[in-house]
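> So the sequences go chain by chain: A and B. Using the working numbering, the first residue of the first sequence is number 419, and each one after it goes up by one. Using the working numbering, the first residue of the second sequence is number 123, and each one after it goes up by one.
Hints were generated in silico from the structure; no laboratory data involved. Incorrect hints may have been included.
[Stated by the list, open to error] Dumping the calculated SDA-like pairs for lysine to any residue here, alpha-carbon to alpha-carbon at most 20 Å:
(1) A:K528 <-> B:K164
(2) B:K164 <-> A:Y517
(3) A:K455 <-> B:E123
(4) A:K455 <-> B:R232
(5) B:K164 <-> A:P458
(6) B:K164 <-> A:I466
(7) B:K164 <-> A:Y457
(8) A:K474 <-> A:Q424
(9) A:K456 <-> B:E125
(10) A:K528 <-> A:F480
(11) B:K164 <-> A:N425
(12) A:K455 <-> B:I160
(13) A:K456 <-> B:R232
(14) A:K486 <-> A:S467
(15) B:K164 <-> A:S503
(16) B:K164 <-> B:D208
[Claimed, not checked] Cβ-to-Cβ under 8 Å is the rule here; a few derived chain B residues that face chain A:
(17) Y153
(18) K164
(19) V165
(20) S170
(21) S177
(22) E178
(23) F187
(24) F213
(25) G224
(26) Y225
(27) F227
(28) G228
(29) S229
(30) G230
Please read these numbers as outputs of a predicted model, since none were measured by experiment. The beta-carbon is built from N, C-alpha and C at its ideal position, and this holds for glycine as well.
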Amino acid sequence: DQQVKQNSPSLSVQEGRISILNCDYTNSMFDYFLWYKKYPAEGPTFLISISSIKDKNEDGRFTVFLNKSAKHLSLHIVPSQPGDSAVYFCAASGTSGTYKYIFGTGTRLKVLA
Amino acid sequence: EPEVTQTPSHQVTQMGQEVILRCVPISNHLYFYWYRQILGQKVEFLVSFYNNEISEKSEIFDDQFSVERPDGSNFTLKIRSTKLEDSAMYFCASQILTGGNGYTFGSGTRLTVV
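Start from the sequences and build out the full structure, keeping to the hints where you can.
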């Protein structure tokens, strides 16, 4: 039961260009969406989130876009830097008193110098 | 910057043995979680804990698993009789409030059951 899907297991981007990571979800009850970055041998690190009442949230080089009708969100990183190379997970959280996050399977981003 | 601390970083155990994974959440956080990631798979929710009790648990979190906050700082995950399929990275996380501000995860404990 994959409620949160990241269909691209990997992505390579040249330094300075835009990285676009995509995520789709199936559960219309999700109302918070988050992106986490994970380096090897470390725990996931929170990057940015968006509430379902918004369609865009920006924090420095990172922007998350939410298209509720398509049940799709994306993370844009501009400009991409070699230090951004990591696995990126999207996660979703619903209402009704649940605080758990449902994670996608991750996309490995490689930024080439 | 405050962090969530997990010990040990790597634990190897014999099948059928009990293991306790330890976590020290951020001191003023109120919500605590355990997640795991089997190699190459997604990060999966195990259990959430608030106000000294389990608030939610997944199907994975069966009778072999338990959590405890024995004092004001530690948060432990116990697996009573480990199975080979319990081999995974186990992540502890904490959060001051629920919502979109995200958890802070620890670095994880790699559990290897042999």
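> Between K486 of chain A and S467 of chain A, is the straight-line Cα distance small enough, at 20 Å or below?
With Cα atoms ~14 Å apart, K486 of chain A and S467 of chain A stay inside 20 Å; holds.
> Holds or violated: is the Cβ of K164 of chain B closer than 8 Å to a Cβ in chain A?
holds (4 Å)
> Taking 20 Å as the top limit, are the C-alpha atoms of K455 of chain A and E123 of chain B close enough?
Since the Cα atoms of K455 of chain A and E123 of chain B sit roughly 17 Å apart, the hinted pair holds (cutoff 20 Å).
> May I ask you to test the interface hint for V165 of chain B with respect to chain A, counting a Cβ-Cβ separation under 8 Å as satisfied?
holds (4 Å)
> For the hint on F227 of chain B, does the least C-beta distance to chain A fall short of 8 Å?
Check passed: Cβ of F227 of chain B comes within 3 Å of chain A, closer than 8 Å.
> For the pair supplied as a hint, K164 of chain B and S503 of chain A, confirm whether the alpha-carbon distance does not exceed 20 Å.
Measuring from Cα to Cα gives roughly 18 Å; hence the hint holds.
> Could you grab the alpha-carbon distance between K164 of chain B and Y517 of chain A and see if it respects the 20 Å cut-off?
holds (18 Å)
> Between K455 of chain A and R232 of chain B, is the straight-line Cα distance small enough, at 20 Å or below?
holds (19 Å)
> Quick check on the hint: S229 of chain B CB to chain A CB, less than 8 Å?
Hint holds; S229 of chain B Cβ to chain A Cβ min 5 Å, cut 8 Å.
> Given the proposed pairing of K455 of chain A with I160 of chain B, does the C-alpha separation stay at or below 20 Å?
holds (17 Å)
> Should the hint that S170 of chain B touches chain A count as held when the rule is a Cβ pair under 8 Å?
holds (5 Å)
> Take the C-alpha atoms of K164 of chain B and I466 of chain A, compute the straight-line distance between them, and say whether it is at most 20 Å.
holds (19 Å)
In the structure shown, a violation is registered for the earlier hint numbered 23 alone.
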